[in-house]
Amino acid sequence: MAAAPRTLFRKLWDNHHVVTDEGESLLYIDRALAQENTYHAFVALEAQGRQVMRPDQIYAFTDHYVPTTGRAKGLAGIPVIEIRNMVVQLQDFARKYGINLYGIDHAQQGIMHIVPPELGIVQPGLALIGNDSHTSTHGAFGCLAYGVGASEFAHVMATQTLWQTLPSTLRIRVDGRLGFGVSAKDLILAIIATIGADGATDHAIEYAGSAIEALSMEARMTVCNMSIEAGGRAGMVAPDDTTFAYLDGRECSPKGAAWERALDFWRTLPSDAGAAFDREAVLDASLIAPTVTWGVSPAHALPIDTAVPDPSHAGNDKQRGEWASAIEYMGLQAGMALSDIRVDRVFIGSCTNARIEDLRAAAEVARLGKAQVPAWVVPGSQTVRRQAESEGLDRIFIDAGFEWRDPGCSLCTAINGDQLEPGERCVSTSNRNFRNRQGPGGRTHLASPAMAAAAALNGRLTDVRTLIG
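Residue numbers for the sequence shown follow my numbering, beginning at 12 and rising by one.
In case anyone wonders, no lab produced these hints; they're calculated from the structure.
Remember, predicted model here, so these are calculated numbers, not experimental data.
Warning: the hint list may mix true and false statements.
As a list, the in silico SDA-like pairs of lysine to any residue whose alpha-carbon atoms are at most 25 Å apart [what the hints assert, rightly or not]:
| id | residue 1 | residue 2 |
| --- | --- | --- |
| 1 | K107 | R65 |
| 2 | K22 | T253 |
| 3 | K381 | G412 |
| 4 | K22 | A225 |
| 5 | K107 | T172 |
| 6 | K266 | M228 |
| 7 | K22 | E35 |
| 8 | K107 | Q119 |
| 9 | K266 | H27 |
| 10 | K266 | T253 |
Distance ranges between label pairs, derived from CB positions [unchecked claim]:
| id | residue 1 | residue 2 | range |
| --- | --- | --- | --- |
| 11 | M64 | G412 | 43 to 53 Å |
| 12 | A269 | T176 | 25 to 35 Å |
| 13 | K107 | Q383 | 42 to 52 Å |
| 14 | G412 | H28 | 49 to 59 Å |
| 15 | D67 | D410 | 43 to 53 Å |
| 16 | M64 | G260 | 23 to 33 Å |
| 17 | I479 | G267 | 40 to 50 Å |
| 18 | D67 | D316 | 45 to 55 Å |
| 19 | E414 | D116 | 21 to 31 Å |
| 20 | G88 | D213 | 34 to 44 Å |
| 21 | P90 | L274 | 42 to 52 Å |
| 22 | D316 | G81 | 32 to 42 Å |
| 23 | K107 | H28 | 30 to 40 Å |
| 24 | G88 | M64 | 34 to 44 Å |
Cβ coordinates follow ideal geometry from the N, Cα and C atoms, glycine included.
Modelling step: build the complete structure from the supplied sequences, incorporating the hints.
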């Protein structure tokens with residue numbers, strides 16, 4: 012009897028399944044990604060008197076706490092002792108356990124969701140975890156990628172395995188072509204606005220359809236990065252020729268005969284024809300416009316040519332209260348045009364949008380004028396930074412009045428000292444606009460790199476199509 016057709020997710024799950032006990036499955040984990048906050052996992056490991064089972068498969072990155080200025084001084088350039096200690100502790104644990112470290116002085120330092128793809132550490136078919144929820148980014152390569160907490164990370168370091176419950180599956184099909192001025196960031200904001208911030212709770216998402224297949228790897232990473240903002244356990248895209256072309260020749264990619272064997276395996280991974288998903292959602296790419304958030308959830312997203320919603324038009328009492336509370340926190344008025352919202356600051360960076368493709372898109376807009384508000388550009392890695400500088404993008408930003416900084420999470424996590432002042436309003440290419448996310452009392456509007464650059468030039472939310480059309 013022929014085997015039943017399986018989804019990409021099911022193939023990944025089955026390939027890593029070790030045993031099931033009391034409704035949970037023990038999965039073999041191929042690789043794990045650490046950052047400064049993984050300190051707590053190392054402490055737990057030491058308290059249990061355990062060792063790291065596969066240090067060669069653990070990769071550590073200094074990104075959340077590293078400064079984005081004054082890097083020439085190295086550790087001495089971190090003035091706050093508590094922040095400096097977080098960087099030092101990761102270095103010390105990595106050295107003690109023989110873990111791969113891309114530290115503050117490393118030539119390939121950068122964000123944990125940007126550097127591994129650059130190096131070819133992330134490959135189709137892998138099961139990969141990270142001590143950060145946006146590990147979902149790596150599903151763009153057709154691998155199973157989760158964010159986990161400290162205790163789970165410690166378990167993986169000690170055993171190379173992880174107990175997980177089987178999630179449901181959700182396929183999100185996006186067919187058609189994205190319009191002029193519309194990017195992957197607009198696409199994922201539109202998806203989350205459609206299905207809701209809890210629309211994929213306890214689901215593994217597979218993004219499919221002609222619009223997804225047409226995306227570059229950088230754009231697919233942007234989409235999968237924000238799967239967690241819809242409540243998804245993981246997000247993934249089936250590997251294809253775009254995936255293989257991206258990985259070919261990278262430092263950690265298979266070489267020679269191993270590359271050919273890998274290709275043979277990777278081509279078996281896409282969902283089989285007729286494979287069943289627990290749920291499905293469908294969007295038309297041609298209907299998506301440049302999109303921004305107005306509230307305090309990534310689901311509070313609307314096309315830029317619309318207005319702040321009126322709570323009296325909400326679908327129910329719960330939504331009415333949620334909208335009213337969000338509008339009050341954001342200091343807006345119901346019904347005001349989104350393009351009338353003035354901003355105080357712009358941040359172009361984060362694991363969502365700090366890749367070379369993102370900086371090129373922002374620079375295409377920045378070259379058209381001068382920034383009217385402080386605007387930071389924070390590359391996702393030293394590799395991105397060098398590439399951007401070789402293309403002259405840094406000069407475009409600097410000439411336009413933007414500030415060119417060193418790689419790190421910066422204003423996305425706001426824990427390295429980079430943060431908003433209370434009440435300050437920022438257009439950000441990051442992934443979360445929660446209350447206080449970019450600093451206590453800070454107000455965040457999520458947008459694409461091009462839209463963020465447009466906001467910097469006009470000092471207010473702006474439809475980028477009016478500048479580049």
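Comparing the hints with the structure gives:
A threshold of 25 Å between alpha carbons decides the hint, and for K107 with R65 the separation of about 13 Å falls inside it, so the pair holds. Pair hint K22 plus T253 holds up; C-alpha atoms about 20 Å apart against a cutoff of 25 Å. The straight-line distance between the Cα atoms of K381 and G412 is roughly 6 Å, inside the 25 Å bound, and the hint therefore holds. A distance of roughly 23 Å separates the Cα atoms of K22 and A225; the hinted pair therefore holds under the 25 Å criterion.
With a CA separation close to 21 Å, the supplied pair K107 and T172 stays within the 25 Å bound. For the proposed pair K266 and M228, the alpha carbon gap of about 20 Å is at most 25 Å, so the pair holds. This hinted pair checks out: K22 and E35 have alpha carbons roughly 17 Å apart, not beyond 25 Å. Straight-line distance between C-alpha atoms of K107 and Q119 comes to about 21 Å, which keeps the hinted pair within the 25 Å bound.
Our distance criterion of 25 Å between C-alpha atoms is met by K266 and H27, whose separation comes to about 23 Å. A threshold of 25 Å between alpha carbons decides the hint, and for K266 with T253 the separation of about 18 Å falls inside it, so the pair holds. Distance hint check: the CB atoms of M64 and G412 are about 50 Å apart, consistent with the given range 43 to 53 Å. Against the hinted window of 25 to 35 Å, the Cβ-Cβ separation of A269 and T176 comes to about 34 Å, which satisfies the hint.
The given range of 42 to 52 Å is respected by K107 and Q383, whose C-beta atoms sit roughly 49 Å from each other. The hint said 49 to 59 Å for the Cβ distance between G412 and H28, and at roughly 54 Å that hint holds. At roughly 44 Å, the beta-carbon separation of D67 and D410 lies within the given 43 to 53 Å, and the hint holds. Restraint check, M64 to G260: a C-beta distance of roughly 30 Å satisfies the suggested window 23 to 33 Å.
In this structure the supplied range 40 to 50 Å holds for I479 paired with G267, their Cβ-Cβ distance being about 44 Å. Under the hint 45 to 55 Å, the C-beta atoms of D67 and D316, about 51 Å apart, fit the expected range. Between E414 and D116 the CB atoms are about 22 Å apart, so this pair conforms to the stated range of 21 to 31 Å. Separation of G88 from D213 is about 43 Å and conforms to the stated range, judged on CB atoms against 34 to 44 Å.
Restraint check, P90 to L274: a C-beta distance of roughly 49 Å satisfies the suggested window 42 to 52 Å. For D316 paired with G81, a C-beta distance near 41 Å keeps the hint of 32 to 42 Å intact. The hint said 30 to 40 Å for the Cβ distance between K107 and H28, and at roughly 32 Å that hint holds. Hint check: G88 to M64, Cβ distance near 35 Å, so the stated range 34 to 44 Å holds.
Taken one by one, the earlier hints all hold for this structure without exception.
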